[in-house]
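K.L.:
Line by line, the protein sequences are chains A and B.
According to the numbering used here, the first sequence is numbered sequentially starting from 1.
According to the numbering used here, the second sequence is numbered sequentially starting from 1.
These are calculated hints, taken from the structure and not from any lab test.
Beta carbons: idealized from backbone N, C-alpha and C, even for Gly.
One or more hints might be untrue.
A partial selection of chain A residues facing chain B, derived with a Cβ cut-off under 8 Å [what the hints assert, rightly or not]: (1) Ser709; (2) Pro878; (3) Ser949.
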Amino acid sequence: MRVGPRRLPVAISDPAALPPLGLPGLNPVWSRLIEVTESGSAGGVTHGWHLLDNGPELDALGVIPVGTILCVHGNPTWSYLWRTLLASATEAAASGAPAWRVIAVDQLDMGFSARTGRFRPLARRVQDLADLTDALELAGSVITLGHDWGGVVSLGWAVDHPELLAGVMLLNTAVHQPAGDPIPAPLRLALGRGILGPATIATPAFLATTLALAHPPLSAAVKRGYRAPYRTSARRGGIGGFVADIPVALAHESRAELDRIAEGVRSVTVPTLLLWGPRDPIFSDRYLDDLVERMPHARVHRFEGAGHMLAEDADYAAAALLWLGDAVVGVPLESSGPVSGAVSGSVSVSVEPSETAVSGNLAAWAAAGTHPLWHYLDELQASDDTALVDMQPAPRAVSWRLLSLRVRQIAAGLVHIGVKPGDRVSLLVPPSADLTAVLYACVRIGAIVVVADAGLGLAGLTRAVRGARPDFIIGAAPGLLAARALGWPGRKISVAGFPAPMARLIGVEHTLAELISLGQARLIAGDGLPPEPAPSDAAAVLFTSGSTGPAKGVVYTHGQLSAVSRALSLQYGVGVGTGLVAGFAPFALLGPALGARSVTPDMDVTAPKTLTASAVASAVAAIDATVVFLSPAALVNVIATADALTPADHAALAGVQRFLSAGAPISESLLAQAAALMPEATAHTPYGMTEGLLMADITLEGIRAAAASVAQSKAVQAVAHDGESVPANLTANPAAHLTAHSTAHSTAHPAGGVCVGGSTATTRIRISALDASGASVGDLSEEPDVTGEIVVSAPHVKDHYDRLWLTERGSRRGGVSGERWHRTGDVGHLDSAGRLWVEGRMPHVIVAADGVVTPVGPEQRIETLPDVSRAAFVGVGPLGTQQQVAVLETVPPARRAHRAPEALAAAVRSMVGTPVAAVLVVPSLPTDIRHNSKIDRSRLSRWATGILSGGRWVKP
Amino acid sequence: MRVLVTGASGFLGRAVAARISAAGHEVRTFQRRPSGVPGVEDVHGSITTPADTPYAGLAYAVSGMHAVVHLAAKVSLTGDPAAFEAVNVGGTRTVVQAAADAGVSRFVYVSSPSVAHAGRSIMGSDALPAAPGQARGDYARTKARAELLALAADAPEFSVVAVRPHLVWGPGDTQLIDRIVDRARHGRLPLLGHGAALIDTTYVDNAASAIHAALDAAERVHGQSYVITNGEPRPIAELLAGICGAANVPAPAWRVPASAARAAGSLIEAIWRARPGTDEPPMTRFLAEQLSTAHWFDQRRTRADLAWTPEVSLDEGFARLAAHYRPVA
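With the rest of the complex left out, here is chain A (with noise of 0.2 Å):
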């Protein structure tokens, strides 16, 4: 079957042309027409070409371009969607940043060049870019950037010229239709019979329709700088034709072409990045894969939110421009000048995910001082003595033997159907011996685990799941109703028995009970296990908390994940045979990691209130434990239900040592009322993200000490004060807190904070201090009563952001080579004693116009005020010169928001110290929805905005 041209009306002919004045963001001087001969045509066919050319502009500034970046639009667009690019390239080129000369081409029949009167299909286009970049006579560098069918052909220039090929850059596109796949719903409506023309050509249906895919709306002058070149039907025929030549069968007369690109691609070795937008109807994310999967050096990035308009959705430009000042001009910026040869091939690019190259594992794993994950799952797996107890529906006590065998039994009954090192496995499954049996079976055959936390709320949890692409997917029955519901991808696993229709119904292929028979049989015909994966490789997708925006998923090394195993090990003194209650769930998945026996306490894991004091009794006697761990909003429960405790659970809760309450910040008093439910145990809290999971810890007796040097430390101060006159006004500078060194030999930093102890033994914390703007510019010092953001390096700080190459590169602070230091994104200072306070999150910092003001500190201070309960201290009005706003929870909560008395205001003034403009009430502060602990600051300022700007009152 032949699809395409036949069906088109015939197109016109039409010679190319400016662009009218006035559009937005488009500047006349890049304009140019030029006249091209098409190759291969009798008596040399020319055809008129627009493109747009920030040549000219770079002459002008006396810059000698390192290259050119050759941008290629898709359908139904024109070089009108690159004005960013050369806008920002240019502004970049006119500081002293290496200057990139863009070029953005019409294609022919499309925008402003031509109408050629002739079907062009891919290969012709293909072949008309070469003919036009030899008509500019185009060398040196040459970085290929596309969109959409754009996309195929600026690869397809890519593939054939290699020589001068120094990068490819590609917006959402794809290379390849996998035979049997449907084509997205969208393009075949658009192809349907009677379709095609009407929709493409007779009416402007499907520019409107791409047009309207923007995230948000375009303004309507951006949506009339796109519809420019296509006002008549006459001048939307290359429209139709791009349509018309999308290969949707075997036999489309495109299919070779296309096939050959998709395969030159694989031998594409120049740095390449690929920026995404997910929410794209048309080129979804199965497409990204594809693309990885050919390009697997490839750096990409998914702006969440954005979409087939990326280039209107996210600032790609500036994204572009960093890029190619890392990966193609290089770290050593001295070659500036045209440099061909020597930037194509191998070039080193900055930000690698993994630093540390490994070829003989055990030695990796003996230099780095850990063992693999299941390395304890080896060595006693004769034992008999108890790996597990599971607590649902009756304590149920799992040996190390037993357990072990799970394991190789589920490992190879995955190998059996077909999971591979490297495919990812998404765990929606309770805590349980189950997940526990079923995770170490994963990460032992190399598969990568994707764990998403269900706090994420089923939105979240569903942008998590499609964005981490998980090859398989392994729930109980909530979790795999979702996937089918909600159309996660991936092949289904269940851990339980499901009867065949329902099975079939929610497209479960397997159950665990299946995986372990196959994997049983499989070890008795002695196919062994694969080899076990390195400690370079990627072994656990982890997903942010969703509280500081999007979910993100943090990708963990299998080295990564055993340091951290060892850093519990360290800080807690878990090891073999210690008994373990794993009621938080990152760490509580360790246990077998460690040789610790573990219990996961009766409670439902998505809300931790459900926890209650009898629980974690039965499930210390179960084991003996010794060690207890717990998220806040458990702890909250089991404090609340601790009347219900018998004497025998008194008991049992008397054996443990050590308790830790970690996942959100817990104040002293609830830490006090655990400990006293446990009398012979130190009260432990750990600051930590998921990005790097145990950074310092402080106990209870730590968390008093600071109290205590605090209280020490304002003592000193008023006496200070008694001395000075206070001058008539508040010119009491809050930077001068923040920057000037502590004169005072106090121990606290009059900026407040929570002190969250010292670095645990194997991680180090920097501070990179703020300047006046707020930002971390300074160099990572430990000098202490200096503010600034928060720093860490340690060997289990994740590896890398999945699919975030700009947020990874965000987060990374350079330093010496091999180590890797993250940015937490929190700000903070180190104390003399070393220890560490936080003193709220960088977005939230104030800047007002005499400095920075972090906000723990003002919000301490406010809720020693007996009639409030809590309060988030934020900034309103443009950063530099910001006011500084007191939100609050009163005692008794408000029915509604409202300005603060004159009395409630004035005596908060009194507290903070520095100039507070207003001080606001509402019923409740906006809380993050995992922890409810973490106020979101940064939309308490917007509503504080409106309501302070004369706005309705409102909620928060």
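Following the hints, put chain B in place on chain A, whose structure we already have.
P.N.:
Just chain B now, kept in the frame of chain A:
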């Protein structure tokens, strides 16, 4: 330095003349009434004197001066548009010309933030160019034109600076404070909207010291406009409560929706325009907008360029106001 201050019988003008005089400068004032400022030379006259009597007293007033601070203006919420035009635009043109002719080298024009205000909230923006076309009301429109024409006269030998103090208040202010206190005392002071709009104000001593600083900095910062405030925005309701508290009168206890106040203001304004008389209407659309939308400014450029910081905080200002209203025992 010999300095001429026009409009020195007004609330701010008096403070400016006194401040500059206290700094050791020789101060002459020019207005229709006695300034009442000790130690200065008063010259009486009008800036709207017709051109056929060449400058009359003004010519004498500017003679021998090094600098002029021009405050004289028609400050009112309503009135005859021609009068605004004559005093604020015509008068400023006359004074600028007289100063230039007399060889004055520094000229400080005292303007108003309303010259660049189109009725929307202002949250932390710096001084924008004066825009007579967008300004609300005759006062703001004529002040905007006057600022533009003063700055247009800026030249190497004639440094012109425009300063725009926002809502100047303090003890002895009959324009703003006394009216608020008077209304509040009679229970006729409503709160417009919910009273949370952030408003920045200028305590009179700070306005005076800023104008003095602009005079000192004129050669360095000529051709520029600067907004002057305390840099301490507060919700309008807190400001009114602070003023009422200082005067020991009840704070506003009743509210009028901002939109209703704006509409009523427009209506009242129209009636007052048609009605003979010279008293001020109780509410105008301009005032309603001023009191129900945010008005606070980025003061960084002002403070850096003028090398000035406010000396009297808002709370200290309220304390001084309270002392002013306290009955003498």
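K.L.:
Now tell me if each hint is right for this structure.
P.N.:
Hints and how they fare:
For A:Ser709, the interface hint is violated, the least distance from its beta-carbon to any beta-carbon of chain B being 32 Å, above 8 Å. Below 8 Å, beta-carbon pairs count as interface contacts, and A:Pro878 has one with chain B at about 4 Å; its hint therefore holds. At about 4 Å, the closest approach between the beta carbon of A:Ser949 and any beta carbon in chain B falls short of 8 Å, and the interface hint on this residue holds.
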